[in-house]
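Given chain A's structure and the hints, the job is docking chain B onto it.
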Amino acid sequence: SQELEQSPQSLIVQEGKNLTINCTSSKTLYGLYWYKQKYGEGLIFLMMLQKGGEEKSHEKITAKLDEKKQQSSLHITASQPSHAGIYLCGAPWGGGSNYKLTFGKGTLLTVNP
Amino acid sequence: NAGVMQNPRHLVRRRGQEARLRCSPMKGHSHVYWYRQLPEEGLKFMVYLQKENIIDESGMPKERFSAEFPKEGPSILRIQQVVRGDSAAYFCASSPDRGLNTEAFFGQGTRLTVV
Chain A
1 SQELEQSPQS
11 LIVQEGKNLT
21 INCTSSKTLY
31 GLYWYKQKYG
41 EGLIFLMMLQ
51 KGGEEKSHEK
61 ITAKLDEKKQ
71 QSSLHITASQ
81 PSHAGIYLCG
91 APWGGGSNYK
101 LTFGKGTLLT
111 VNP
Chain B
114 NAGVMQNPRH
124 LVRRRGQEAR
134 LRCSPMKGHS
144 HVYWYRQLPE
154 EGLKFMVYLQ
164 KENIIDESGM
174 PKERFSAEFP
184 KEGPSILRIQ
194 QVVRGDSAAY
204 FCASSPDRGL
214 NTEAFFGQGT
224 RLTVV
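Going down the list, the protein sequences come from chains A and B.
Residues in the first sequence are numbered from 1 upward in steps of one, following this note's numbering.
Residues in the second sequence are numbered from 114 upward in steps of one, following this note's numbering.
To be clear, the hints were calculated from the coordinates, so they are not data collected in a lab.
For each residue, glycine too, the CB sits at the ideal point set by N, CA and C.
Please note that the accuracy of each hint is not assured.
[Said to hold, decoys possible] A short, non-exhaustive set of chain A residues, derived as facing chain B with CB atoms under 8 Å:
{"#": "1", "residue": "39"}
{"#": "2", "residue": "41"}
{"#": "3", "residue": "43"}
{"#": "4", "residue": "52"}
{"#": "5", "residue": "56"}
{"#": "6", "residue": "101"}
{"#": "7", "residue": "103"}
{"#": "8", "residue": "105"}
{"#": "9", "residue": "106"}
The shape of chain A in the complex, shown without the other chains:
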């Protein structure tokens, strides 16, 4: 079974709408990374959350980590076509370091103009 489940698997929104992507863990989270991947390209680092209750924002993207629920959410406000891509969450379960990031399968976001 997948250790990190992302929902929804895909999402289509109209430009200007808000949206939320969830990442739910089957194990305790010691941190959580969010990346964005354009089709056929590399991963762009978005945010790293280190402890429960932490919330970080960058431009119109906000991410929160709820350790008790073993869940993180990524919220985009007033979406734009430039937000389109695959959003990946990754958890560091490699014995106290970040190198063994376990990733979810991703959420494909399409933003229609």
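Frame of chain A; chain B shown alone:
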């Protein structure tokens, strides 16, 4: 400061040939990680290296795959006698250290196609 550089971006190999994928970490980063992204699957950890040392290769297939990170030059992921199932995107990431709260930056990836 250039990001993580991977080359080639695209690589086509016939079955049985060797594939060499290169990764130059960000300046000042001495920790390199390789991940593989297979079609319809997520990113999977393969190997973690520091200069001249393999720290963890638990995600590497037992045969045909090897990795190195020499004192000078880029890290190399080598796949011998490639098969169609090796077709995937291979990503390299680097970080300045291995602490829990260290950001890891990924390269653009090498897309290997085995024909």
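Can you list which hints this structure breaks, lowest number first? 1, 4, 5
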